[in-house]
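Let chain P serve as the given structure and place chain X with the ligand on it in line with the hints.
Residue-level listing of the chains:
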Amino acid sequence: MTKVNPLHGAAIVGVYNTKQGRLLEGETSQSLVLEATLGAIKDAGLTPKDIDGVISGGWGGVSGPGDMIRQLGSRPSWFGSGGADINGVMNAAMAIGMGLCETVVISSAQAGAYRDHSGTAPWVRPTNEFVECWGLFTAAEFALLAKRHMYKYGTKPEALAEVASAIRMNGSKNPGAVYYGREATPEDVLNSRMVADPFHLLDICTTTEGGAGMVLTSVEKAREMGIKPVYILGAAVEQQGAAYKEPPVWDKFGWSGRWGGKKMFEQAKMTTKDIDICEFYDNFSFDVIRLLEVYGFCGEGEGGDFVMGGRVRIDGELPVTTDGGLMSFSHPAMPQAMQRVISGVLQLQGRAVNQVKHKRVQNILTENYGGGALFTNQMIISNQPAQQ
Amino acid sequence: MTWLAAQPQGIPLPKPSELSAPHWEAAKNGELRVQRCENGHYVFIPLPACNYCWSTKLEWVKTSGKGTLYSMSIVYRPQTPAFQIPYVVGIMEMEEGWFIMSNVINAELENVKIGMPLKVTFTKMSDDIALPYFEPA
Ligand SMILES: [Zn+2]
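Taken in order, these protein sequences are the chains called P and X.
Whatever position you read off the first sequence (first residue = 1), add 458 for this note's numbering.
Whatever position you read off the second sequence (first residue = 1), add 11 for this note's numbering.
Because the hints were derived from the structure by calculation, they are not lab data.
Here the structure is a predicted model, which means the values were calculated and not measured.
Only true hints are included.
DSS-like cross-link-like pairs, simulated, lysine-lysine; straight-line CA separation at most 27 angstroms:
1. 73(X) to 703(P)
2. 77(X) to 610(P)
3. 710(P) to 73(X)
4. 710(P) to 124(X)
5. 68(X) to 710(P)
6. 124(X) to 614(P)
7. 68(X) to 703(P)
8. 703(P) to 26(X)
9. 130(X) to 610(P)
10. 610(P) to 124(X)
Going by beta-carbon spacing under 10 angstroms, a handful of chain P positions derived as facing chain X:
11. 576
12. 585
13. 592
14. 593
15. 598
16. 602
17. 603
18. 608
19. 609
20. 652
21. 655
22. 656
23. 662
24. 705
25. 709
Even for Gly, the Cβ is constructed at its ideal location relative to N, Cα and C.
Chain P extracted, bound-state conformation:
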């Protein structure tokens, strides 16, 4: 029996990032999510009247798809309950592929939820009774995986710093990035203050405000639109446990994403050799090293060596997180997840700020969340349609 993959029936046709900033004076989550929604629709060359599916949400005052459907004119619409992330993009593509709707807008934004910086951001601070009292927050959770990897395989802080530097250099050249103009060498990373060993300040993503939007439509409609559609070749979500509740034990959870990644590669009929760029979720430098091992770009324990020598830099063999990622581009609590996909879409359409030109740009692996969260979502996007 041949399975028809509904993801192959949909294409990404519009993307939009609002202004991103550490603090966006005068903006609210609602003002940004509206801008993100309308911006993505306009980028696709469409109007709200073309939309019959909505995923919208976020942190701090942004409500679910119902309010956005009303804002767009109260037409009967498909709605997704997931977030504006790879999971949301998958849900939208599947709904389109099943014929439940034709054109979906996905959006999210956050402003104003984190203005008191004396503590860590509220969305990185678990409140579970077996976690909170030990002073944990996401950096420490991910650090517990990184430290075990370093203990087991001898992974060096210099490798983590190389990843952080590579991504931060990408952001430094991106005028849309919160840290535009702020370069960081590996030495700068290693010399920045320690936050949660082995993570220095510059090994860790920033926290920001901002919004992002995306439009997907059917492959048939996309081909009539006179734009460069971006196709979804394979995708899978994977969750393995209770994030920020149970201990992130490397030997149980270190390979988060491998099970889902295998399904993704099978759908795309691809291997790591077919991937030109990785738009990884760089909440912490170590997770990029982990993901390279998870998906098989290198062997177990070899990720630290793999990233050295400029391999994951913008002009390297396998550029990673080309817009500057969560470290330098933005991390507003939800939009950063879809922004990994947006960065890939811009590369595939040839309109990225840090456009990769020294090698083929056809297939991009995008990813969300990661090991310390015990769930990893992944998707391959391409400017070529799926092979049938």
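The following block gives chain X with the ligand in isolation, referenced to the frame of chain P:
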């Protein structure tokens, strides 16, 4: 050298649920109790059924409180200002084969290393809560 101690009062304390109450009750009496199913599987953090054999016959058993430091992070940026820095967050691999997160205390920071043997030590934080910290064994 930096001496690691239990956190002062004022940090966020656990609010036991119906499921977890026996763990925190035992902690007040200086015992580290976790669930064990009828087939001998340890379950932590607590669940309504074993996550290995799905038996619902779970008993809160007293454990040795001994283990080794499986992984650690020295934290310099506190979760909130209520925490004194630096503190060591650790995952302990317990003698019985289960894992728990806690802080390593009563040690020089410089001497805390993955693989070191540890034992539980309780610190009373309020009338309702004593926290199971870990110290060198
Ligand atoms: Zn059992």
